[in-house]
Amino acid sequence: MIDLLDVHTHTIASVHAYSSIREMAEAGKRKGLKLLGISDHTPSMPGCFGDFYFCNFKVIPREAEQGYGIDMVMGAELNIIDYSGSTDLRGEFLSRLDYAVASLHDPCIKPGTKEENTAAILGAMRNPKVKIIGHPDNPKYPVDFEAVARAAVENHVLLELNNSSYTPGGSRKGSRELAGELMAAARRHGAMMIMGSDAHVEFDVGNHAYALELVQQYGFPEELIINSSPEKFKEWIES
Numbered sequence: 004m005i006d007l008l009d010v011h012t013h014t015i016a017s018v019h020a021y022s023s024i025r026e027m028a029e030a031g032k033r034k035g036l037k038l039l040g041i042s043d044h045t046p047s048m049p050g051c052f053g054d055f056y057f058c059n060f061k062v063i064p065r066e067a068e069q070g071y072g073i074d075m076v077m078g079a080e081l082n083i084i085d086y087s088g089s090t091d092l093r094g095e096f097l098s099r100l101d102y103a104v105a106s107l108h109d110p111c112i113k114p115g116t117k118e119e120n121t122a123a124i125l126g127a128m129r130n131p132k133v134k135i136i137g138h139p140d141n142p143k144y145p146v147d148f149e150a151v152a153r154a155a156v157e158n159h160v161l162l163e164l165n166n167s168s169y170t171p172g173g174s175r176k177g178s179r180e181l182a183g184e185l186m187a188a189a190r191r192h193g194a195m196m197i198m199g200s201d202a203h204v205e206f207d208v209g210n211h212a213y214a215l216e217l218v219q220q221y222g223f224p225e226e227l228i229i230n231s232s233p234e235k236f237k238e239w240i241e242s
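Going by the numbering used here, the final residue of the sequence shown carries number 242, and the count climbs one at a time with no gaps.
By construction, these hints were calculated from the structure, which means they are not laboratory data. Any given hint might turn out to be false.
[To be verified] Distance ranges between label pairs, derived from CB positions:
hint, residue 1, residue 2, range
1, 143, 72, 33 to 43 Å
2, 68, 149, 36 to 46 Å
3, 64, 238, 18 to 28 Å
4, 156, 180, 20 to 30 Å
5, 204, 63, 11 to 21 Å
6, 238, 212, 19 to 29 Å
7, 149, 232, 19 to 29 Å
8, 50, 190, 35 to 45 Å
9, 232, 158, 12 to 22 Å
10, 95, 64, 16 to 26 Å
11, 142, 65, 31 to 41 Å
[Claimed, not checked] With a straight-line cut-off of 16 Å between C-alpha atoms, the simulated EDC-like cross-links for lysine to aspartate or glutamate are:
hint, residue 1, residue 2
12, 34, 54
13, 132, 238
14, 237, 66
15, 143, 180
16, 132, 95
17, 117, 149
18, 32, 66
What you are looking at is a predicted structure, and each value in this text was computed from that prediction instead of being measured. Just so you know, even glycine gets a beta-carbon here, dropped at the ideal spot from N, CA and C.
Could you put together the complete structure from these sequences and hints?
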């Protein structure tokens, strides 16, 4: 599979990550990526910067030849903070992002019932800035994959295959087992997916090895994975 982009990555602005924007960009370029997205955590995550951090992304060059040698998009990983799907970045700052990932994180929202968790994700999908649902196969937050896949198509949202979740010894144990169910639902409904590294250090940028292994194991159609086309991803987040 051609894999040219990674848009779920974290820099030192997420505090529990350890590389700068430049270090992440240089790593992406070395690994042959054509597009890198920075998606640092928003303020409800313990220790992270306040929302003002996200106010000035206009100064960061997006085109390779103007800046880091790789095309860039600047986003955020929003925390879903209630079962209605509210997120934690104020509208004036949210509007300045190129895109947003929305995720359920246990420091920010208590795991609910399958119905509550599903409602939280479906509510977040209705936010027009949300273009990706992060690690929707996290077993801490059981969800109705059929409902999530249908809503992803209706709301033009990508479902993530999160490489960090599938890493042996990772913090989301059981995600590998649920990934097949997620992909099966996405396939039935024609929902597009994206592989994300969830890198918290430069060495993991573009690392989709475990996600790709599962894609191959379950025979998921490559045409439903957006990673082969930076152009298609840019069109996706602009529409």
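Checked hints:
no.: 1; hint: 143 <-> 72: 33 to 43 Å; in the structure: 38 Å, holds
no.: 2; hint: 68 <-> 149: 36 to 46 Å; in the structure: 44 Å, holds
no.: 3; hint: 64 <-> 238: 18 to 28 Å; in the structure: 20 Å, holds
no.: 4; hint: 156 <-> 180: 20 to 30 Å; in the structure: 24 Å, holds
no.: 5; hint: 204 <-> 63: 11 to 21 Å; in the structure: 20 Å, holds
no.: 6; hint: 238 <-> 212: 19 to 29 Å; in the structure: 27 Å, holds
no.: 7; hint: 149 <-> 232: 19 to 29 Å; in the structure: 27 Å, holds
no.: 8; hint: 50 <-> 190: 35 to 45 Å; in the structure: 38 Å, holds
no.: 9; hint: 232 <-> 158: 12 to 22 Å; in the structure: 20 Å, holds
no.: 10; hint: 95 <-> 64: 16 to 26 Å; in the structure: 23 Å, holds
no.: 11; hint: 142 <-> 65: 31 to 41 Å; in the structure: 36 Å, holds
no.: 12; hint: 34 <-> 54; in the structure: 31 Å, violated
no.: 13; hint: 132 <-> 238; in the structure: 13 Å, holds
no.: 14; hint: 237 <-> 66; in the structure: 12 Å, holds
no.: 15; hint: 143 <-> 180; in the structure: 13 Å, holds
no.: 16; hint: 132 <-> 95; in the structure: 12 Å, holds
no.: 17; hint: 117 <-> 149; in the structure: 12 Å, holds
no.: 18; hint: 32 <-> 66; in the structure: 13 Å, holds
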